[in-house]
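Residue numbers (our numbering), protein chains in the order written: chain B, 23 to 242; chain G, 23 to 242; chain U, 23 to 242.
Worth flagging that the hints you see were computed from the coordinates, not collected in a lab. This structure is a prediction, so every number in the text was calculated from the model and none was measured. One or more of the hints may lead you astray.
As the list claims (entries may be wrong) - Part of the chain G face toward chain B, derived, beta carbon under 8 Å:
{"id": "1", "residue": "H32"}
{"id": "2", "residue": "I36"}
{"id": "3", "residue": "K57"}
{"id": "4", "residue": "Q58"}
{"id": "5", "residue": "V60"}
{"id": "6", "residue": "G122"}
{"id": "7", "residue": "F166"}
{"id": "8", "residue": "G168"}
{"id": "9", "residue": "R169"}
{"id": "10", "residue": "W242"}
For glycine and all other residues, C-beta sits at the position ideal for the given N, C-alpha and C.
Here's the letter readout for the chains.
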Amino acid sequence: MAASRSPTVHPTAIVYPGTVLGDGVRVLEYAVIGKQPVLSPRSTARREELPPAELGEGTVVSTGAVVFAGTELGSRVIVGDQACVRERCAIGEDVVIGRGSLVENDTTVGARTKIQAEAYVTAYSTLEEDVFIAPCVVTTNDDFMGRTERRHELIKGPTIRRGARIGGGAVLCPGVEIGEEAFVGAGAVVTKDVPARTVVVGNPARVLREVPDDELLEPW
Amino acid sequence: MAASRSPTVHPTAIVYPGTVLGDGVRVLEYAVIGKQPVLSPRSTARREELPPAELGEGTVVSTGAVVFAGTELGSRVIVGDQACVRERCAIGEDVVIGRGSLVENDTTVGARTKIQAEAYVTAYSTLEEDVFIAPCVVTTNDDFMGRTERRHELIKGPTIRRGARIGGGAVLCPGVEIGEEAFVGAGAVVTKDVPARTVVVGNPARVLREVPDDELLEPW
Amino acid sequence: MAASRSPTVHPTAIVYPGTVLGDGVRVLEYAVIGKQPVLSPRSTARREELPPAELGEGTVVSTGAVVFAGTELGSRVIVGDQACVRERCAIGEDVVIGRGSLVENDTTVGARTKIQAEAYVTAYSTLEEDVFIAPCVVTTNDDFMGRTERRHELIKGPTIRRGARIGGGAVLCPGVEIGEEAFVGAGAVVTKDVPARTVVVGNPARVLREVPDDELLEPW
Numbered sequence: 023m024a025a026s027r028s029p030t031v032h033p034t035a036i037v038y039p040g041t042v043l044g045d046g047v048r049v050l051e052y053a054v055i056g057k058q059p060v061l062s063p064r065s066t067a068r069r070e071e072l073p074p075a076e077l078g079e080g081t082v083v084s085t086g087a088v089v090f091a092g093t094e095l096g097s098r099v100i101v102g103d104q105a106c107v108r109e110r111c112a113i114g115e116d117v118v119i120g121r122g123s124l125v126e127n128d129t130t131v132g133a134r135t136k137i138q139a140e141a142y143v144t145a146y147s148t149l150e151e152d153v154f155i156a157p158c159v160v161t162t163n164d165d166f167m168g169r170t171e172r173r174h175e176l177i178k179g180p181t182i183r184r185g186a187r188i189g190g191g192a193v194l195c196p197g198v199e200i201g202e203e204a205f206v207g208a209g210a211v212v213t214k215d216v217p218a219r220t221v222v223v224g225n226p227a228r229v230l231r232e233v234p235d236d237e238l239l240e241p242w
Numbered sequence: 023m024a025a026s027r028s029p030t031v032h033p034t035a036i037v038y039p040g041t042v043l044g045d046g047v048r049v050l051e052y053a054v055i056g057k058q059p060v061l062s063p064r065s066t067a068r069r070e071e072l073p074p075a076e077l078g079e080g081t082v083v084s085t086g087a088v089v090f091a092g093t094e095l096g097s098r099v100i101v102g103d104q105a106c107v108r109e110r111c112a113i114g115e116d117v118v119i120g121r122g123s124l125v126e127n128d129t130t131v132g133a134r135t136k137i138q139a140e141a142y143v144t145a146y147s148t149l150e151e152d153v154f155i156a157p158c159v160v161t162t163n164d165d166f167m168g169r170t171e172r173r174h175e176l177i178k179g180p181t182i183r184r185g186a187r188i189g190g191g192a193v194l195c196p197g198v199e200i201g202e203e204a205f206v207g208a209g210a211v212v213t214k215d216v217p218a219r220t221v222v223v224g225n226p227a228r229v230l231r232e233v234p235d236d237e238l239l240e241p242w
Numbered sequence: 023m024a025a026s027r028s029p030t031v032h033p034t035a036i037v038y039p040g041t042v043l044g045d046g047v048r049v050l051e052y053a054v055i056g057k058q059p060v061l062s063p064r065s066t067a068r069r070e071e072l073p074p075a076e077l078g079e080g081t082v083v084s085t086g087a088v089v090f091a092g093t094e095l096g097s098r099v100i101v102g103d104q105a106c107v108r109e110r111c112a113i114g115e116d117v118v119i120g121r122g123s124l125v126e127n128d129t130t131v132g133a134r135t136k137i138q139a140e141a142y143v144t145a146y147s148t149l150e151e152d153v154f155i156a157p158c159v160v161t162t163n164d165d166f167m168g169r170t171e172r173r174h175e176l177i178k179g180p181t182i183r184r185g186a187r188i189g190g191g192a193v194l195c196p197g198v199e200i201g202e203e204a205f206v207g208a209g210a211v212v213t214k215d216v217p218a219r220t221v222v223v224g225n226p227a228r229v230l231r232e233v234p235d236d237e238l239l240e241p242w
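For reference, chain B alone in the conformation it holds in the complex (with noise of 0.2 Å):
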């Protein structure tokens, strides 16, 4: 918007070395950005050193927040006030990622899609363009808890299909996919797929109707 397309780095803000800071991009007091992971001898993530990150023009990064290095912010993203995105995520543009939420490692977020305040968005997820993401959502992508060998191979994060939408509160199980347009009311516990344009609620998550016509991001 600015005349000034340099990027602004609040004196109190760390950017590391090698970070990729597109025009008009700003970094607010206390954030962090291209901070390598430290893990935990246990940890099953993967160990290398990763690339710098790469923020695109006008994309904000807000107080206290955290961006991990191997990760790629398009432009004008908005990370909120304390919130976090670790490495080898791949975030679209015009993504917002509210207050205090977090997005997991290898996590893909396509363009416009909004991911509202204290969400959590579990390693290895597939979120594609326009979703909407309440706060408080709670997704997951472990069935066995941490337990048993196999696990490994089955770990996956959900699949949300473009313009569906996940309210408030709700909890998504292992590797359920939502579907396009779908419509997942507050506090569902959601156990398995999703069918497209479909409106779920309730604990397990069971279909109610159809998502009317006049919400659907183009007639269908």
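On the provided structure of chain B, position chains G and U as indicated by the hints.
Showing chains G and U alone in chain B's frame:
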């Protein structure tokens, strides 16, 4: 408590110019007070230069917490570690805003209300006096989750009446009213208004019984 | 791991005097260790000057995390980014406390237990060894939510026995005991004790089946 009543601001805290700090205010490590919002180009929130934040006497803003410009905190408020209070909020005296919780913009919180850790209070909420919000409570304000034009006039946070209590991890759907001295059980998903002095539980929440006499603020 | 074993404290971190840092401890950007609690005038927590925090060898306190005085972290503990551990906690060796999560005061956590991101562990909780707390789990300790005088003697966090696993976004009501090797499904709301080796799901949580042999820590 202390004899000295001038404000105490930790050298690492950032208090933006113009912020009004009452007698005995304490601002702890890495807290940020009075910041202006940075809105997404696509946000529907109002755009304006906000007046400075005002903090009443004896109020504490804890480690890593963020309080926005345009917000007024009453006397003896505690904003917990890593918590956040957005712009244009009016927070009454003796309120506690727990560690890591978020109070969104344009929200009113009455005296002595306790918002516990990791709770989420959505924009345009009204919490009256002596309300108890347990940890990780989720509130919502948009039934359309970002779709339709008419949603803008229909956005509405919860109204939580005097003395109501909301249990841990409960989810309130947009616009619900929780009656005076009502009790929402832990993990309940509240889809419609809850009458005064009523206990509700479950998903969706259903009436269980009346709040017993000895748990009321005063006799009915 | 490294040959050098002296503690590494980032220049922006604050470690209060007296804190005991074991060999090879790492303290990352903007972390705060050893702070004394600031209680509300109306808080019911105990008031005293607490002894310094103690961190065992190889323990890591990550970016923006807060560890209070009076707490002991064992060896090789990871306190994740933006997490918080309150006062008078005893955290065993090899414990992971995930990003953004909170462990409240007077809590005991056994060796190798994993508390994942954004979880909430209430005050006066007991977690034994090898427990798995999935992301966004909610625990509670006060059935009265701040009312009645007798609540003070009844406040009780959960007891989570050895090897139990609690699924993402699950809610535990005050004082429940989760038996050894039990499994609480994602999004379950647990209103009463769960027997050992039992799987429960739903709101309220009901018994579904037994935990299969291949998911146990060791044969029964």
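We went through each hint and held it up to the structure:
| no. | hint | in the structure |
| --- | --- | --- |
| 1 | H32 | violated, 13 Å |
| 2 | I36 | holds, 6 Å |
| 3 | K57 | holds, 7 Å |
| 4 | Q58 | violated, 10 Å |
| 5 | V60 | holds, 5 Å |
| 6 | G122 | holds, 7 Å |
| 7 | F166 | holds, 6 Å |
| 8 | G168 | holds, 5 Å |
| 9 | R169 | holds, 4 Å |
| 10 | W242 | violated, 30 Å |
Checked against the numbered hints given earlier, the structure breaks hints 1, 4 and 10 and satisfies all the rest.
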